[in-house]
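*Asks:* These are the residues of each chain, in order.
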Amino acid sequence: MINSHDILETINMIDNENLDIRTVTMGISLLDCVDSDCGKACDKIYDKICRYAGNLVKTGEDISKEYGIPIINKRISVTPIAIVAGACPGADPVRYARTLDRAAREVGVNFIGGYSTLVHKGFAPGDYALMRSIPQALSETEFVCSSVNIGTTKSGINMDAVDRMGQIVLETAKLTADRDCIGAAKLVVFCNAPEDNPFMAGAFHGVGEPDCVINVGVSGPGVVRAALAKAGDCDITAVADIVKKTAFKITRMGQLVAQEASRRLYVPFGIVDLSLAPTPAVGDSVAHILEEMGLECCGAHGTTACLALLNDAVKKGGVMASSHVGGLSGAFIPVTEDAGMIHAARCGALSITKLEAMTAVCSVGLDMINIPGDTPPEIISAIIADEAAIGMVNSKTTAVRVIPAIGKKAGDELNFGGLLGGGPVMAVNPYSPLKFIRRGGRIPAPMQSLKN
Amino acid sequence: MHAVITVIGKDMVGILARVSTICAQNNVNVVEVTQSILQDLFAMIMMVDISKCSVPFSELSDQLEALGDEMNLKIHTMHEDIFNSMHRI
Chain A
1 MINSHDILET
11 INMIDNENLD
21 IRTVTMGISL
31 LDCVDSDCGK
41 ACDKIYDKIC
51 RYAGNLVKTG
61 EDISKEYGIP
71 IINKRISVTP
81 IAIVAGACPG
91 ADPVRYARTL
101 DRAAREVGVN
111 FIGGYSTLVH
121 KGFAPGDYAL
131 MRSIPQALSE
141 TEFVCSSVNI
151 GTTKSGINMD
161 AVDRMGQIVL
171 ETAKLTADRD
181 CIGAAKLVVF
191 CNAPEDNPFM
201 AGAFHGVGEP
211 DCVINVGVSG
221 PGVVRAALAK
231 AGDCDITAVA
241 DIVKKTAFKI
251 TRMGQLVAQE
261 ASRRLYVPFG
271 IVDLSLAPTP
281 AVGDSVAHIL
291 EEMGLECCGA
301 HGTTACLALL
311 NDAVKKGGVM
321 ASSHVGGLSG
331 AFIPVTEDAG
341 MIHAARCGAL
351 SITKLEAMTA
361 VCSVGLDMIN
371 IPGDTPPEII
381 SAIIADEAAI
391 GMVNSKTTAV
401 RVIPAIGKKA
411 GDELNFGGLL
421 GGGPVMAVNP
431 YSPLKFIRRG
441 GRIPAPMQSL
451 KN
Chain B
1 MHAVITVIGK
11 DMVGILARVS
21 TICAQNNVNV
31 VEVTQSILQD
41 LFAMIMMVDI
51 SKCSVPFSEL
61 SDQLEALGDE
71 MNLKIHTMHE
81 DIFNSMHRI
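Top line first, the protein sequences correspond to chains A and B.
Counting from 1, one number per residue, gives the positions in the first sequence under my numbering.
Counting from 1, one number per residue, gives the positions in the second sequence under my numbering.
Calculated directly from the structure, the hints in this document are not laboratory data.
We put the beta carbon where it would ideally sit given N, CA and C, even for glycine.
The reader is advised that the hints may include incorrect statements.
Not the full set, but computed from the structure, chain B residues with beta-carbon under 7 Å of chain A [what the hints assert, rightly or not]:
1) T21
2) V33
3) T34
4) L38
5) L41
6) S51
7) F57
8) S58
9) H79
10) I82
11) F83
12) S85
13) M86
If you want the footprint, here are the derived chain A segments under chain B, 3+ residues with CB under 8 Å [as the list claims (entries may be wrong)]:
14) 224 to 235
15) 292 to 300
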């Protein structure tokens, strides 16, 4: 007989502490859909996605019911579309975005990621066309997410792409200004983008991946916070230990769901992403974990240290719980998706400079941050360059997902609803990096790349 | 194959009877029951064998959830694997 204390603990985690599986993401390769006729390629893409993912949502719901664990999102990631689009140079890449959107609607998933391109070392013909089409693609579709990888530790940072992405982020926000600039919330600029990430907006199916794969992202900041609250006044070693044990339990659940989904869909299991992913719901906040550790408010001095401990302990606990670990793995700090972060940003405790420091020790980067709508594109590019530099030098994934709030200034609010949440517009440093950004070229790969 | 049914809520007449009736109707055998009453709060954990269950698991879970709504109780029906994987190495 299973211990009744364990049973009640699990149920309490689900009922009261927002324990859930954030996403079951099916990665689908589109390499066999490449065609020099864009129309034919789109037909093949639509058919393949519908064929492979037709049962994804139903299977997710069945597993959710059987094990009693909420599975919040079912998603699809595909091969970066720039690779597919490269075969038909004259065609408008937005046609692929519309195809993805249609397929996502048909199979009933929440998001489809992979309107992406990898340009960390330079542009191939399909790359440039795809980048230019991102603002239109995101404004015309509902489910499509886009990402661009502009740097890696191995190859350095493509500053021409950084320059362009500043403009593209701004333009994407402008084209969706009537919908709280939501387009920019579905666009991520990466350094060291992982090929097996199940989380949006940055998910795509890397070329080294199999034809089809199941990746799972877990969640559960509320559980970690509650475990710390229960422990009361213990020293920081004990705090790390509690986080590890809790992360282990959370990840075991992710592993179980991933294996079960993989078995039922006849698709290989890829990875579990060891993540603490917040939602705007009360009691589901990473910031509140940091505050539980002893900070008055997230953003106070000490936040980076607490986050470093949290991020590391989550990985240590999770890694033993899963047979394959990957994706972004760590604590996320998306501002508008985290009730504690929103509060900290509103009351002025949390600034973009503090967030930048935090990104050096957390799972991703500057995520879901609203910035003033009149921010010049070169400042957005420079924010991207700073963040990419942190990722490049520390051999970690970093990303920028900022939302220029068109027509709004610092202190105003944007609201996206759902998992994307909403929050205040945060001030950026107004001094100009224009000359640096316009130089173009590539930041050479750092010494860390020379590991052979 | 086992599942765990947990019932939490205010104590009243007939909880055990009605939950086990649903189990019996669906050919689900009750293997073990533990229950405790702390003041007014009723907590029951029931281990059941679902290998000969006559309906799909999700339907059993729906029926029990509906009973929970009707009696103002929280009833969870979960496959035992989740507890084994979370709490055992």
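*Asks:* For each hint, tell me whether it holds in the structure or not.
*Replies:* We went through each hint and held it up to the structure:
no., hint, result
1, T21, "violated (21 Å)"
2, V33, "violated (10 Å)"
3, T34, "holds (6 Å)"
4, L38, "violated (12 Å)"
5, L41, "violated (12 Å)"
6, S51, "violated (14 Å)"
7, F57, "holds (5 Å)"
8, S58, "holds (4 Å)"
9, H79, "holds (5 Å)"
10, I82, "holds (5 Å)"
11, F83, "holds (5 Å)"
12, S85, "holds (5 Å)"
13, M86, "holds (5 Å)"
14, 224 to 235, "violated (count 0)"
15, 292 to 300, "violated (count 0)"
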